[in-house]
Amino acid sequence: MNIRMERITKIFPGVIANDNIDFSIEEGEIHALVGENGAGKTTLMRILHGELKPDSGKIYINGKETEITDPRTAIRLGIGMVHQHFMLIPSLTVLENIILGEEPMAKFDFLDYRSAKNMIRNILNRYGFELNLNSRIMNISVGEQQKVEIIKLLYRNAEVLIFDEPTSVLTPQEVESLFEIFRRLKYEKKSIVFITHKLEEVMKIADRITVLKSGKVQGTLKKDEADIRKLANLMIGNEIPKITIEPSKVGKPIFSISNLTLLDKNGIKRLDNISMSVRSGEIFGIAGVEGNGQDELIKVIMGLKIPKAGKIKLMGEDITKLGVKERRIKGIAYIPEDPYRIGSSVELTVWENAISNRMSHDELVGKFFLDFENIYSFSRKLVDQFEIKTPSIFSKVGELSGGNLQKLIVGREVSTEPKIILAAHPTKGLDIKATNYVRNLLLKLKNSGKAIILISTNLDELLEISDRLAVMYKGKMVGELERGEFDKERIGLMMAGKVG
Amino acid sequence: MNRTLIPKFKILNLGGILISIFAIFLAFLVGAMIMLFSGVSPLEAYYSLFVGAFGGWINFADTLFAATPLMLTGLATAISFRSGVFNIGVEGSLYLGAFASAWVGFTFTNLPSFVVIPFSLIFSMVVGGIWGYIPAILKVKLKVDEIVSTIMLNYVAILFTSYLVNYPFQVPGVANSMSERISKNAELPRLMRGSQLNLSFFIALALILIFYIVNSRTKFGYESKVCGKNMYFAKASGIDVDKIIITSMVLSGAIGGLVGALQILGVYYRFYDFFSPGYGSDGIPIAILSNNHPIGCLFVAILFGALRSGGSMMELMTGIPIDLSNVLEAVIIFFVTAKIILIFRKSKKGEVV
Amino acid sequence: MNLPLLIASGIRITTPILLAAMGGVFNQQVGLMNIGLEGLMLLSAFSAAVVGFRTQNIILGIFSAILTGIIFALLHVFFVIKLKANLIIVGIALDLLAVGLSGYFLQIIFGVKGIFSSPRIPRLSPLIRIGIMSEFDILVYMSWFFVLLTAIILYKTRYGLRMRACGENLEAAFSLGIKVDFYRYTSYIISGILCGLAGSYLVFTLQIFSKNITAGRGFIAFASVLFGSANPLLTSVACLIFGFAESLQIRFQSFVELPPQIIQMLPYLAVVIALALKNLRSEGV
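Protein sequences, first through last, are from chains A, B and C. Here my numbering is used: position 334 in the first sequence is 334, and no number is missing along the way. Basically my numbering = 1-based index in the second sequence + 1000. Basically my numbering = 1-based index in the third sequence + 2000.
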């Protein structure tokens, strides 16, 4: 099956997401769609998948003009998509998730589980998957969940499989395993579109590469015509910003965790006897596939989750029993992984968000009554200092762009002169300019003596700015490397639990 | 652009107010349809309703009199709702506060007015506050859903006060379930001849003003607002969410208790079991309609007071049951919380939730 | 204390709570918890009383109650889904509307303000007149049948599977082509029907109607659903516990020298204590 998208345009309020894009997919090819965050890749594929309607342009399938009105139509035509955030039902089993929506039926609306099992087993055998059909989604790994998403599509006879940033949640070894699956699918004459911003992967697996920038196609290259520098240039243009890394000025340890264990409500260990320490002036990076405990670790340090055992010390003082408020007073700042749900309140104004962590700072906000003059001038200073684009400090935060919101959050947290900053995925979803701003800021903070714990699923980011790097796997810290010892392959093995 | 002007007055949410007025208009329309369906004349009903509410000083005083408890139960509920707590328990603290004030009133009969009245009111607020503390601590420590616990505890409070007045504090020789009468010193002074409007109206007004200032100008007001908008964000920012929840529910209980006391000292002069026609529950629609804003509570309470006071006049004059007012109130809530504009819009592609 | 009678009355009292709770289970499973069960029950009870009284026909009364339940349940869910109103607020408004409407029409139709009592209201008769089972009419049996039916539908049919998927991840279900609104609307139709049965049960066993005939049973049903985490079997156990608490309360009144109000408080206290204890076990999150 081959597909041609012609002059596709899609406009959202204030932005042209897709601008007259031509894009084609041939049978049995692996076609990479690259660009930085916000370039329009996901929008284009959502149109192909029937989730969005283009404002203009046509789609041809095998030469015939076709309208793809919704995802159901798309899959009937043979087009399926594995999204970045999996569309799975956690408490249902693998089998149930695969057949949901296309269930084999017995009489009276009863489900025919037996024929379902047979059909799925055939697919597993044909493509070489190994999965327990009776496991519940919430109990299997992220890599396995991704396989469930793929089997969902194969069960529905998809011919074209679109993958949106599939490797961001995988260890390096799992990425290899995924690419093996791609090759297998290609062998079976399926086509794959693979959205990514990771150029190394593209060079490894893609047959053709289309580069998008600001909604426009910058070029479509065949594998042998392309190399990483060419692709990077097309992706970003001539302004490839550089990150300046000064020589490290790491000091003494100021923060430590010993024997930290956290259980979830089912009694499963989310953090398993973790010990670590962080020095002033250092960025301590934590790598690991999402869901291995990094986010819980940050929450425990912040005081949002109570551990079953263990101690936390800051500047020699035991803070294990303190609440969030006291920990902040002692000098911990927090850049949360979800800026919209945890980092801010979108219905409140900029100034209201700017002082949310200052309630114990009477000299700023007042003792009982709010000191508005102080508060407003502080908020304005913050907006200026961190270059936050907003009409005024009285605008609602929901109107800010992702990058500006993150700058507001970082600014708010950093302005308390903390001793240690917990940064959870601080550059997630930001465009290149905002990403570099945040990274440079973290480096500046580190150089002024602050300690930073940085969690990210972007291994390259961690390798670039961390002084030390640890890997978390299933709640344990399985390895710690100093800057000179960074070895991507070894780290990948640790992320998969094979070493340490 | 530099703005050093500190906003002293809340900028009126014009759009929101227009929507509320439109919703009220729609509700009256629905009410009219119901009346036509049951063979009653809407014009006659609404005319007598309006006259009963606003026709003349006495009627207007009666409207304010009817609005007074609603102002406070609305305020009490709004305090909790604003902090993100769905506290339905004002009715329960109302009953306990009512009994507490009656007890002071008929026990300390020798105290002069300027002692016994404040004592009685404060005592009822303490009792109400303690009652509000129970579901609060259950929520904070054991994550018990406050909607269910407060509804259940309402029944407990109402039944308990009924027990009190039928057993330990029963007036001997009387069939009615009521307590002793409070002393004359404990009565709240009336404001106008011919109407039951009494001092409680100004007490209510004062509290509304106090909480307006608390909400817009104090740390507690700010922290509660943040909790109400996004509790996890509040917690992560270091706001003591548990303390806010408990304080809000205790305050709601205290004000609920005060309402009960004001009704006893100002109207009934003794405690009757099951005396409340649902003042506490009425606080819920008032809080919702006023978007948890104290000044909004004032106006919505006057609206509801008008519906009630006018409604009883309407029933007197035309025989139309006062329940119609309750129907109108419920329909108003339906329309205010709905985004009516959406009825004219086809759902956008990809929009599910 | 007559044990068989005690058990029988416990089961009888549980019946309306159980019916409403099964409706609540469907609502919760699809992700739209229903705090308006009380209002639905009250409005259907009223409609059952009016039609039953006028026609002397219990079947018509039950049908009318079911129809009323469906209409108001659909009203509730329409406001929430199409007009994007707040789920909890609309539920509370429905409860208030029920009191107002039933009070209004009670006055208009029957000229009565408080309780309307009449032997002309039909009465449910026992289904099987053998021993203790002569305490149970058909709705009692039906309520337990519905528990079984609910479990089968939720866990063995496509409808149930899709409904549970909607409740857990609406976006994912939608992306699979599932018509999520169908499941959300039909879950409310189901609770409308079941609350209709619950309301008719109250009217046709007590032979009265009053604005207070439901006495918080709808809220207890809601609490049972929470307590049972929307699992039909666990929820029915919760309903039984609350039903028996109330039955004990009534029996106690003639048996123990405690004031009636104290005993009447027991079921409500039981709910609060039960919820507190349930969470006490799973503390430390």
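Please keep in mind that the hints were generated in silico from the structure rather than gathered at the bench. Backbone N, C-alpha and C fix where the C-beta goes; we use that ideal spot for every residue, glycine too. A portion of the hints provided could be inaccurate.
What the hints assert, rightly or not - Derived lysine to aspartate or glutamate pairs resembling EDC-like cross-links, with alpha carbons at most 16 Å apart:
hint, chain 1, residue 1, chain 2, residue 2
1, A, LYS325, A, ASP362
2, A, LYS325, B, ASP1242
3, A, LYS428, A, GLU165
4, A, LYS321, B, ASP1145
5, C, LYS2179, A, GLU51
6, A, LYS428, A, ASP164
7, C, LYS2179, A, ASP22
8, A, LYS198, A, ASP362
9, A, LYS213, A, GLU36
10, A, LYS305, B, ASP1242
Claimed, not checked - These stretches of chain C come out as covered by chain B in the derived footprint (C-beta under 8 Å, 3 or more residues):
hint, region
11, 2076-2084
12, 2182-2192
13, 2259-2266
14, 2274-2281
Hint by hint, here is what the structure shows:
| no. | hint | result |
| --- | --- | --- |
| 1 | LYS325/A <-> ASP362/A | holds, 13 Å |
| 2 | LYS325/A <-> ASP1242/B | holds, 12 Å |
| 3 | LYS428/A <-> GLU165/A | holds, 13 Å |
| 4 | LYS321/A <-> ASP1145/B | violated, 26 Å |
| 5 | LYS2179/C <-> GLU51/A | holds, 15 Å |
| 6 | LYS428/A <-> ASP164/A | holds, 15 Å |
| 7 | LYS2179/C <-> ASP22/A | violated, 32 Å |
| 8 | LYS198/A <-> ASP362/A | violated, 47 Å |
| 9 | LYS213/A <-> GLU36/A | holds, 7 Å |
| 10 | LYS305/A <-> ASP1242/B | holds, 14 Å |
| 11 | 2076-2084 | holds (count 4) |
| 12 | 2182-2192 | violated (count 0) |
| 13 | 2259-2266 | holds (count 5) |
| 14 | 2274-2281 | holds (count 4) |
Of the numbered hints given earlier, the model fails hints 4, 7, 8, 12; all others are met.
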